[in-house]
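If you're matching them up, the sequences are chains A and B in order.
FYI, my numbering numbers position 80 of the first sequence as 80, with every residue one higher than the one before it.
FYI, my numbering numbers position 51 of the second sequence as 51, with every residue one higher than the one before it.
Worth flagging that the hints you see were computed from the coordinates, not collected in a lab.
Some hints could be false.
Claimed, not checked - Label pairs and their calculated CB-CB ranges:
id: 1; chain 1: A; residue 1: N144; chain 2: B; residue 2: L124; range: 54 to 62 Å
id: 2; chain 1: B; residue 1: K258; chain 2: A; residue 2: E184; range: 53 to 61 Å
id: 3; chain 1: B; residue 1: P185; chain 2: A; residue 2: D67; range: 56 to 64 Å
To be verified - Only part of the chain B face toward chain A is listed, based on derived beta-carbon distances under 8 Å:
id: 4; residue: R166
id: 5; residue: A170
id: 6; residue: T174
id: 7; residue: A238
id: 8; residue: L239
Predicted model only: the values in this text are computed from it and were never measured.
C-beta atoms are modelled at their ideal positions from N, C-alpha and C, and glycine is treated no differently.
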Amino acid sequence: MARDAAKRVVASPVLELRGVSKRYGRALVLDKIDLSLAEHEVVCLIGASGSGKSTLLRCADLLEPIDTGSITLEGRTVRADDRDADATRRQLGIVFQGFSLFPHLTALENVALAPRVALGLTAAAAERRARALLKQLGLAAKANAYPDSLSGGQQQRVAIARALATEPKVLLLDDPVLVAEVLEALRALAKGGATMLIATHEMAFAADVADRICYLEGGRIIEQGSPEKIFKAPRDQRTRAFLQRVRSVGAGALR
Amino acid sequence: MTAARSARRGTLVAVISTLAVATVVALSIGASPSWPLVQKAFFDGTYFSTSLPDVIGAFAINIQLFVLAEILILPLGLLIALARSITSPALAPLRIFATIYTDFFRGVPSILVIYVLGFGVPALRLPGVPKEPFFWALVTLVLIYSAYVSEVYRAGIESIHPSQERAARALGLTRLQALRYVVLPQALRRVVPPLLNDFIGLQKDTALVSILGVVEAFKQAQILKSANFNFTPLMTTALIFLVITIPMTRLVDRLAAKDRAAQQGGAR
Numbered sequence: 001m002a003r004d005a006a007k008r009v010v011a012s013p014v015l016e017l018r019g020v021s022k023r024y025g026r027a028l029v030l031d032k033i034d035l036s037l038a039e040h041e042v043v044c045l046i047g048a049s050g051s052g053k054s055t056l057l058r059c060a061d062l063l064e065p066i067d068t069g070s071i072t073l074e075g076r077t078v079r080a081d082d083r084d085a086d087a088t089r090r091q092l093g094i095v096f097q098g099f100s101l102f103p104h105l106t107a108l109e110n111v112a113l114a115p116r117v118a119l120g121l122t123a124a125a126a127e128r129r130a131r132a133l134l135k136q137l138g139l140a141a142k143a144n145a146y147p148d149s150l151s152g153g154q155q156q157r158v159a160i161a162r163a164l165a166t167e168p169k170v171l172l173l174d175d176p177v178l179v180a181e182v183l184e185a186l187r188a189l190a191k192g193g194a195t196m197l198i199a200t201h202e203m204a205f206a207a208d209v210a211d212r213i214c215y216l217e218g219g220r221i222i223e224q225g226s227p228e229k230i231f232k233a234p235r236d237q238r239t240r241a242f243l244q245r246v247r248s249v250g251a252g253a254l255r
Numbered sequence: 001m002t003a004a005r006s007a008r009r010g011t012l013v014a015v016i017s018t019l020a021v022a023t024v025v026a027l028s029i030g031a032s033p034s035w036p037l038v039q040k041a042f043f044d045g046t047y048f049s050t051s052l053p054d055v056i057g058a059f060a061i062n063i064q065l066f067v068l069a070e071i072l073i074l075p076l077g078l079l080i081a082l083a084r085s086i087t088s089p090a091l092a093p094l095r096i097f098a099t100i101y102t103d104f105f106r107g108v109p110s111i112l113v114i115y116v117l118g119f120g121v122p123a124l125r126l127p128g129v130p131k132e133p134f135f136w137a138l139v140t141l142v143l144i145y146s147a148y149v150s151e152v153y154r155a156g157i158e159s160i161h162p163s164q165e166r167a168a169r170a171l172g173l174t175r176l177q178a179l180r181y182v183v184l185p186q187a188l189r190r191v192v193p194p195l196l197n198d199f200i201g202l203q204k205d206t207a208l209v210s211i212l213g214v215v216e217a218f219k220q221a222q223i224l225k226s227a228n229f230n231f232t233p234l235m236t237t238a239l240i241f242l243v244i245t246i247p248m249t250r251l252v253d254r255l256a257a258k259d260r261a262a263q264q265g266g267a268r
């Protein structure tokens, strides 16, 4: 992961959502979402609970079929019901809110599973890769521990290592819990040039790490722009109202 | 310290009260005027010792039956459970067949299936179809208990939270790989106690195949009973079954308790 520390944001989108809509029954959860991620770009999704952030991530990861619109990965249109959707998912990594680690596997086995089974690496090569990732995330000593015996922050870092194990083109994170080590790890990833789409409630984190902020409300992207623009001079009345609420009650209350 | 002492006192009280009750029960049964008759018909020491070698010898057939049946049931039950959890529309016939299969064999008396397959099928005299009662006894037990065991497997698979499969799929594993590496290993661990429970039932039901003329422990006891007109050989058989099933029941209890403790410990 020793990529160029200097960050270059290139114009060609890696992941692009165009007019993506998604319904659960009668509820419209995503409403014509247009969003593109350039290589090395870090985009943060902000908005209240139920604004559609998690659904957007799951749809972008092809875990849920979309009703209308299209998703392209490096210019190729991809769909959740494609024959090669599994191959596409290998190129995307996601860290879930609850982490969803595999409780019957050690930290090392959690991380090595996808390289071995999905990518077809030998067991030894998969283990080497997993060890390197755990080391990178400061978990070398916990390789043989089971998830139950790890702290929440450690579990989350195992989940990040697991998501990175297939060397995804984009890393998706659903509301990471920003304890110090996780924050550090995500900053290092961003600095190293990883392309990330992060749903978060932590405005300070978003301002710190993001190249671009998207404010979601009612399944729509209301406004997007650089952190300075969104946090210092939001144009839309709804963005202003949301940020005001966040500042007055504190981010924790909006979870 | 106090906890350990009160636990010791609890055990002592339990032992004393159990002994007292057992003595009262034994004395009142022994004092009953019909007890000598009952003892002679069911618990005769001589008949017990003479029947023991014969019954144990015949019990080898029961052991063969349930060991072979269990070896076959474990994979077969899993296949049926997997067939029932298929969602693909193209494979719907497989799912429907598996559902009918489990409904049928769980809903019909075992002895009826044994009778029909054990007497009916060999009577057709089809070329190449075995006639040995042992074979048909085995087939019947496998058919019936695979249905029960498949339901145990299915409950285990369904008890694994869908987020686990989703996490596996998100990593790019196929549905089959997610099942093989993530869902099944967790599910199988959970189904061990109920699975052993079904196997206890299976071990007892090996006695049912005696109606086909297979001389297993129960049939052997019946033969000895008729020869001497004494029921003691049947008690001998009961004892041998208990020697096998009681330790297994205790094992199931212990595994279930361990599983509960692990789940509570693992809860966040």
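Cross-check of the supplied hints:
no.: 1; hint: N144/A <-> L124/B: 54 to 62 Å; result: holds, 60 Å
no.: 2; hint: K258/B <-> E184/A: 53 to 61 Å; result: violated, 39 Å
no.: 3; hint: P185/B <-> D67/A: 56 to 64 Å; result: violated, 35 Å
no.: 4; hint: R166; result: holds, 6 Å
no.: 5; hint: A170; result: holds, 5 Å
no.: 6; hint: T174; result: holds, 5 Å
no.: 7; hint: A238; result: violated, 41 Å
no.: 8; hint: L239; result: violated, 40 Å
This entry does not satisfy hints 2, 3, 7 and 8, going by the numbered hints stated previously.
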